[in-house]
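Taken in sequence, the protein lines are chains A and B. Just so we're aligned: 100 in our numbering is position 100 of the first sequence, and the numbers increase by one with no gaps anywhere. Throughout, our numbering is defined as the position within the second sequence, counted from one, plus 1000.
In short, the hints are calculated from the structure, not lab data. It is possible that some hints are incorrect.
In silico lysine-lysine, DSSO-like type, Cα no more than 27 Å apart, as pairs [as the list claims (entries may be wrong)]:
hint	chain 1	residue 1	chain 2	residue 2
1	B	K1329	A	K329
2	A	K317	B	K1255
3	A	K329	B	K1276
4	B	K1255	B	K1048
5	A	K349	B	K1329
6	A	K385	B	K1164
7	A	K200	B	K1317
8	B	K1200	A	K164
9	A	K385	B	K1256
10	A	K349	B	K1255
11	B	K1385	A	K317
12	B	K1200	A	K349
13	A	K349	A	K329
14	A	K349	B	K1256
15	A	K307	B	K1276
16	A	K276	B	K1307
17	B	K1329	A	K276
18	B	K1349	A	K317
19	A	K317	B	K1256
20	A	K276	B	K1360
21	A	K256	B	K1349
22	B	K1276	A	K317
23	B	K1317	A	K256
24	B	K1385	A	K329
25	A	K200	B	K1164
26	B	K1276	A	K349
27	B	K1360	A	K317
28	B	K1360	B	K1307
29	A	K349	B	K1164
30	A	K317	B	K1200
31	B	K1349	A	K276
32	A	K385	B	K1317
33	A	K307	B	K1385
Quick caveat: nothing in here was measured; it's all calculated off a predicted structure.
Protein chains: 2
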Amino acid sequence: MAPMQVMASGYKKEPRRALDFTINQSTPFNAEPPVTSLRDHFVTPNEKFYIRNHAPVPVIDGESYKLVIEGLVAKHSKFSIWELKNNFTQHTVMATLMVNSCLYIFSISDFRGIHDILLIILFITNITQDMTWYGVGWGCAAISNAVWKGPRLRDVLLSAGIEKLESFWDQLHVNFEGVDICKDNQGYGSSIPLHKALDKRGDVILALEMNGSELPRDHGYPVRVVVPGYIGARSVKWLKTITVQMHESTNYFQKKDYKLFLPEIDWDTVDEWWDKSVPIQELNVQAAITQPKNNEVIPRGSRYTIKGYALSGGGRKIVRVDISLDGGKSWTVANLFTSSQGLLHIDTKWSWEFWDCTIKSMPSPCQIVCRAWDEASNTMPEDIKQIWNLRGVMNNSWVRVNVVSDAAKL
Amino acid sequence: MAPMQVMASGYKKEPRRALDFTINQSTPFNAEPPVTSLRDHFVTPNEKFYIRNHAPVPVIDGESYKLVIEGLVAKHSKFSIWELKNNFTQHTVMATLMVNSCLYIFSISDFRGIHDILLIILFITNITQDMTWYGVGWGCAAISNAVWKGPRLRDVLLSAGIEKLESFWDQLHVNFEGVDICKDNQGYGSSIPLHKALDKRGDVILALEMNGSELPRDHGYPVRVVVPGYIGARSVKWLKTITVQMHESTNYFQKKDYKLFLPEIDWDTVDEWWDKSVPIQELNVQAAITQPKNNEVIPRGSRYTIKGYALSGGGRKIVRVDISLDGGKSWTVANLFTSSQGLLHIDTKWSWEFWDCTIKSMPSPCQIVCRAWDEASNTMPEDIKQIWNLRGVMNNSWVRVNVVSDAAKL
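For reference, chain A alone in the conformation it holds in the complex:
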């Protein structure tokens, strides 16, 4: 890659951003929209899309930019934006991306006992002590849905001659590296199994557009791979190089992050577990309550509509969302609807599902609990303690929101 393509500017050339975002980290910039605005749009406008960066946003010259395809392909290739747009059929994919370190346990305060408090202290201590650690605390609004457009990764790989290796396809991986310089002086990186990239129904694309516009700089201009159904961490932004290889990515963010451990593994004992554990790829089943907020005061005696979202990974649809008004003792079924705002010709299997549940009269005080089920009969665990892990990833324990009615509060 020619050096002129990327200017090292530190944090001096960051894009303008929405003012109402909750900023979880300012450098690198990590922020999420207000929870209450999540349900305003089924397809999130670009300026409302959560932002997850690991380094300064690269300043890339689109004119000189070339995407490199290398590794186990018949011919190493370079593609300009023009070539990616004009030499390949353009595909449109609606896909929800989500941050996977959902530490909104801090705001839920449903902990029981000293064990959890110790875990949190340990966690915060480590953030402070180890500045090379890349974790960020997130709320439940670090999720957004967009319509992405660009060539299929499959077509680009086939044009580079991947079919010559067909008998090895099941053992190969596609490695992505971004232009952004993060850990170990490397670009942010990740890999996915080649079969996901080659599966037409897998819908992996090299996105050049996001909701009909050129990719915004915060979302990977000029090219971001979008890997639907996988955790957001695999949809690498500011793509520099795509490599077909025999092994998974050795990048920090594949080898030493986004892995699940037993609750008892801590920073002192984790070392041996990085290699023993597999990288997280597909998302598990997730849900959140976007209305009401925790500790909200609800008008007494009137009908009230609880709202939220749910989604699962791997293209598995949400088939049921259960709501409880008594902390999980009894349940009712929420109403699911996929509102695609005139985009009904687009497959929604990679998108979130919105749900509503109208209550005639809210008990007070009340702990609203929500859990979702996907079409493979996966559901969310009751107790966060049982799935707690060092990096707080893939937390999908029951969502709990406490409310009181106004009269009860008086």
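Please arrange chain B on chain A, whose structure you already have, making use of the hints.
Structure of chain B alone, referenced to chain A:
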């Protein structure tokens, strides 16, 4: 189908079966091997494979048998066994099948409170009252793994001209009906989405062989569809007709069975929910402890190896099995191994995983708990009460086995 193919013989012509099976129902025959023998073979010998029947085993004349392909295909077709074997490439698939109504809660006795006892009484009452109800109580050994061989369903459908409808593929279903006469005077039936049937990586085959032998009568002679990664109920035996159609199967076993409901839905309130709920297709993440048995007495102070199996649906591999010796307060990681007995050239993504966990000295008394995780970060729920459903299907709550050491017992 010519009438000579099937003889109506009631239960007079049932096959010979292993003597050590636990018989959960004798007519129709439903039985599972001893839990302790499950781990003897990674590939279950045919005579040790669990048996799940809904009617007398049909007596089918293989010479005159023809499989019918009809519905939305360019040409309706009939295939003899010889044609299925010689006109199509034969594929070998290792796949674990499992019964999905795992009611082994009866033997675990970890219930708390009257609510559960009422549910069980209600359940048993309904079995007795309604003889048309097809549920059977099963233990955790209603699972077996075999190597199946036959043509891909994909190839058979393509030979019948399914490619003419390519733009509708995502909306079509493949319906299977068996020869066995069950509910409503129909053969046992089910359907799967067409895309599962057409996906080369989906490995759906029309099995003519099971572990190198002609299909045994109890397992679907002469042809059984094997749908890897789905619940066993979709792998229809004694196949009579395959129909490509616009809608899911309307057969009793797709419409009125194998669906998940809220814990509070009972036989009085279920009617509206059959249509509102989707049929279960992919299996969820499951595990069992095969050694020790519940209430077993363990030699005190000596090393002991806990053993079991785990599996998940949709080709999702098991990535971790956690073992607790204190009822789920603390955990250790079990050792996973896939022993394929010289069959390592066969993909194991559709098979169960065996695991071991060696304990230096077992506490006494001790509740051993086991839970598994699949590669999409799905795990098993802690409490069966929270996922209880009318038909007891897809129970994958934590597995609990209570043991004492011999000295402690004295």
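For each hint, the structure was consulted:
1. B:K1329 / A:K329: Measuring from Cα to Cα gives roughly 22 Å; hence the hint holds.
2. A:K317 / B:K1255: holds, 19 Å
3. A:K329 / B:K1276: Status holds; Cα separation ~23 Å.
4. B:K1255 / B:K1048: violated, 31 Å
5. A:K349 / B:K1329: violated, 37 Å
6. A:K385 / B:K1164: Given that 27 Å is the threshold and the Cα spacing comes to 53 Å, the pair is violated.
7. A:K200 / B:K1317: holds, 22 Å
8. B:K1200 / A:K164: Within the cut-off at roughly 19 Å; holds.
9. A:K385 / B:K1256: Given that 27 Å is the threshold and the Cα spacing comes to 37 Å, the pair is violated.
10. A:K349 / B:K1255: Since the Cα atoms of A:K349 and B:K1255 sit roughly 23 Å apart, the hinted pair holds (cutoff 27 Å).
11. B:K1385 / A:K317: With Cα atoms ~24 Å apart, B:K1385 and A:K317 stay inside 27 Å; holds.
12. B:K1200 / A:K349: holds, 20 Å
13. A:K349 / A:K329: violated, 31 Å
14. A:K349 / B:K1256: Distance ~25 Å between A:K349 and B:K1256 Cα, so the pair holds.
15. A:K307 / B:K1276: Within the cut-off at roughly 20 Å; holds.
16. A:K276 / B:K1307: Within the cut-off at roughly 20 Å; holds.
17. B:K1329 / A:K276: Answer holds: B:K1329 to A:K276 is near 23 Å, not above 27 Å.
18. B:K1349 / A:K317: It holds: about 22 Å lies between the C-alpha atoms, which stays within 27 Å.
19. A:K317 / B:K1256: holds, 21 Å
20. A:K276 / B:K1360: Judged against 27 Å, a Cα distance of about 22 Å means the pair holds.
21. A:K256 / B:K1349: Cα-Cα ~25 Å, so holds.
22. B:K1276 / A:K317: Holds, at roughly 15 Å.
23. B:K1317 / A:K256: holds, 21 Å
24. B:K1385 / A:K329: holds, 10 Å
25. A:K200 / B:K1164: holds, 19 Å
26. B:K1276 / A:K349: holds, 19 Å
27. B:K1360 / A:K317: Given that 27 Å is the threshold and the Cα spacing comes to 44 Å, the pair is violated.
28. B:K1360 / B:K1307: holds, 14 Å
29. A:K349 / B:K1164: Since the Cα atoms of A:K349 and B:K1164 sit roughly 24 Å apart, the hinted pair holds (cutoff 27 Å).
30. A:K317 / B:K1200: holds, 22 Å
31. B:K1349 / A:K276: Holds - the C-alpha atoms of A:K276 and B:K1349 are around 19 Å apart, at most 27 Å.
32. A:K385 / B:K1317: holds, 24 Å
33. A:K307 / B:K1385: Holds - the C-alpha atoms of B:K1385 and A:K307 are around 26 Å apart, at most 27 Å.
This entry does not satisfy hints 4, 5, 6, 9, 13 and 27, going by the numbered hints stated previously.
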